[in-house]
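Chains as they are written, first to last, in the working numbering: chain A, 1 to 414; chain B, 1001 to 1414.
Some clues are possibly wrong.
Said to hold, decoys possible - Just the calculated beta-carbon pair ranges, DEER-fashion: (1) A:Asp237 x B:Ala1020: 27 to 33 Å; (2) B:Leu1101 x A:Ala232: 24 to 30 Å; (3) A:Pro289 x B:Pro1179: 40 to 46 Å; (4) B:Pro1061 x A:Gln208: 41 to 47 Å; (5) B:Leu1101 x A:Arg67: 26 to 32 Å.
These aren't lab readings, by the way, just hints derived from the structure by calculation.
Since we're looking at a predicted model, the values are computed, not measured.
Here a beta-carbon is modelled for each residue, glycine too, at the ideal position from N, C-alpha and C.
Number of protein chains: 2
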Amino acid sequence: MSEIIELCRNAREASYALAAASRATKDAALKAMAAALRAGTDEIVAANAKDVAAARESGTPESTVDRLALDPQRVDAMAAGLEQLAGLVDPVGEVVRGYTLPNGLELRQVRVPFGVVGIIYEARPNVTADAAGICLKSGNAVLLRGSSSAAASNEAIIAVLRSAVVEAGLPADVIQGVPGDRAAVKELMQARGLVDVLIPRGGAGLIQTVVTESTVPVIETGVGNCHVYVDAEADLDLALTILLNSKTQRPSVCNAAESLLVHADVADEFLAKALPALAAAGVTVHGDPAVVAAGKDVVAATDEDYGTEYSSLDLSAAVVADLEAAVLHIRKYSSAHTDAIITRSQAAARRFVQAVDSAAVVVNASTRFTDGGEYGFGAEIGISTQKLHARGPMGLPEMTSTKYVVIGEGQIRT
Amino acid sequence: MSEIIELCRNAREASYALAAASRATKDAALKAMAAALRAGTDEIVAANAKDVAAARESGTPESTVDRLALDPQRVDAMAAGLEQLAGLVDPVGEVVRGYTLPNGLELRQVRVPFGVVGIIYEARPNVTADAAGICLKSGNAVLLRGSSSAAASNEAIIAVLRSAVVEAGLPADVIQGVPGDRAAVKELMQARGLVDVLIPRGGAGLIQTVVTESTVPVIETGVGNCHVYVDAEADLDLALTILLNSKTQRPSVCNAAESLLVHADVADEFLAKALPALAAAGVTVHGDPAVVAAGKDVVAATDEDYGTEYSSLDLSAAVVADLEAAVLHIRKYSSAHTDAIITRSQAAARRFVQAVDSAAVVVNASTRFTDGGEYGFGAEIGISTQKLHARGPMGLPEMTSTKYVVIGEGQIRT
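Starting from the given sequences, assemble the full structure and let the hints guide the process.
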């Protein structure tokens, strides 16, 4: 048996005890994990320093090094995240629906853990603690595969978390790191039946690899090519405020706007205000001929621009003939993450909400709200952009399956 | 562009109109489809006669020919199924959750169709109408790929249904058959992004092929190696009634019992009654040494027997030391479809329900109730044995995804 298969089997075995654990036990484990992180700050920061030094030596960009680096404050934030999870409602056992059948059978659909969850992610060691906490609270054993460039950090964090869960009376193997090279990851992605679901967290390349190479069911997360459509009936001041917030409040994240569509009837008036404001905010606009004609410093957009998640202070822009043209543009180019309309028209809002099939469809607000925290979920494992199982921000309930419990008194089928 | 890709794109285009259709329009289409099936009975039965003749000529077993064969009564039953669907609640638009966020944003999670659904199934032409109806009611365009041995029947049925939906004002391409050879099916299974979900309906071989070869998300259905566990605290008369019903009421279906586990404390008494009763019902028991010793005509079971879905009048059987041993046996061998305990003990029932992680866990009733009709769903596309998205009988709500609709009045993130 390979090392990976053994890890998976150990996770399955540990998952049985975790699935049977009470909320009190799980919350005690989360608090123990938080305390252990704080107590282990020195060793975690020391291990992280090795990863950071190696990253700098190999010429890693400083923005990536910043995501990798841990200091006592960041370790404390990880601990605080685990404590917050302890305060959330346990999704396991929730009755999703229930009624009594005509023959007297009591039918209940009840949330249960998946069992074993694999998380594949990039060089952000805070994901190690976050994902371990969310999986533990939702009753799932977790296999954590971070970037090899964060290997020392992750190893230190996982060791600390494992000893904490044992203290709380749970098996250490509810939390395991996945060691080894790319072949090991490939094996993890092929462990159908041993791993119940894989969740990739990171850039488009990582997600695409996991989606393509896995036979284990995958929940796709995160790619966001988000649109703001300014309708003919928009309040243009409101539209500009929302556009600027959607684009510039945090341009690197998946719910930031990447594309502006403007109804032809208001294009001149809106662009006259918006283009200087965007320029003043440091945004480079990549526009179609109508947008190029409306302002200076607008770069001519290629077809590729409209399909791009810039994750930077760039914005594609186009003038559209009407709402239906905006819908067609969004259907063609959107990653179906978050798309917004700005309008005072009830009919336009209703049509946009119906016709745009994205994880989040927004009327008169910033795209930046698509987030488990903003939605009041308390915790988020990622933002699903697929249609199966979960769509949009995924909180604790999305980390569960269900089963039907049927209670009778001798009923047979005739 | 290949023929299959073109079919998928036409389905996507048609899906937009269907997603926007009201319940009234969809119900009118279902009724038109039912009327068209009845009006087209002669041509459908004539087309089916060709398939049946070819099947007999190639030496197909008579039981398979029976599933393939249509007569006016069976066509009428298909029509009645579509009419029944018209009476069910539309899942599209259902608000799954909704509340107002602290900043005044109105958040609603709303059911929406998947978009394009592919159904891959065996030589049962009634599935063509059933699946088309369920997909239409849930707002999904459907690509129907039946067995090539039912090609003439399916072609006739699909032609009739397509003309009916056009009458009702919907695009014909909301219902399409998938022609071609195995390469075409392979292409369908690889049409990620064009097809939102694939549902295989049929035997274990078909399901395994689709699960392994698809990059499109799949919902696994149907394999049932179901257990009846007779606890030390069971009412043994009740246990025997439930066992016989679970095994013999319809042995060919996935929710029929395939395996009996008996607590050692009651094994002698129960088996003394059960083995003659099973024999009288025509059941061949494949038992472990304890079961073999308890009766005549018991065949010695191999390890393989315990993992087998017989779908026939065969039953594997074993004596277990206690409830925990029964749980371990079920974890090892069950297909996690439906597993039942017979007991008067509240503690035993509670532990079994917690520890057995199957789509349906049953206390003191037949395994045969795991069925969308019995659960009161009104329609069923299959019984999911996977944990992602849907588990157990899948009705209309399980044929939908959700999206978040967020309504504001200028909210931005700070």
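Hints and how they fare:
{"no.": "1", "hint": "A:Asp237 x B:Ala1020: 27 to 33 Å", "result": "holds, 32 Å"}
{"no.": "2", "hint": "B:Leu1101 x A:Ala232: 24 to 30 Å", "result": "holds, 28 Å"}
{"no.": "3", "hint": "A:Pro289 x B:Pro1179: 40 to 46 Å", "result": "holds, 43 Å"}
{"no.": "4", "hint": "B:Pro1061 x A:Gln208: 41 to 47 Å", "result": "holds, 45 Å"}
{"no.": "5", "hint": "B:Leu1101 x A:Arg67: 26 to 32 Å", "result": "holds, 28 Å"}
Against the hints set out earlier in the document, no violation occurs for any number.
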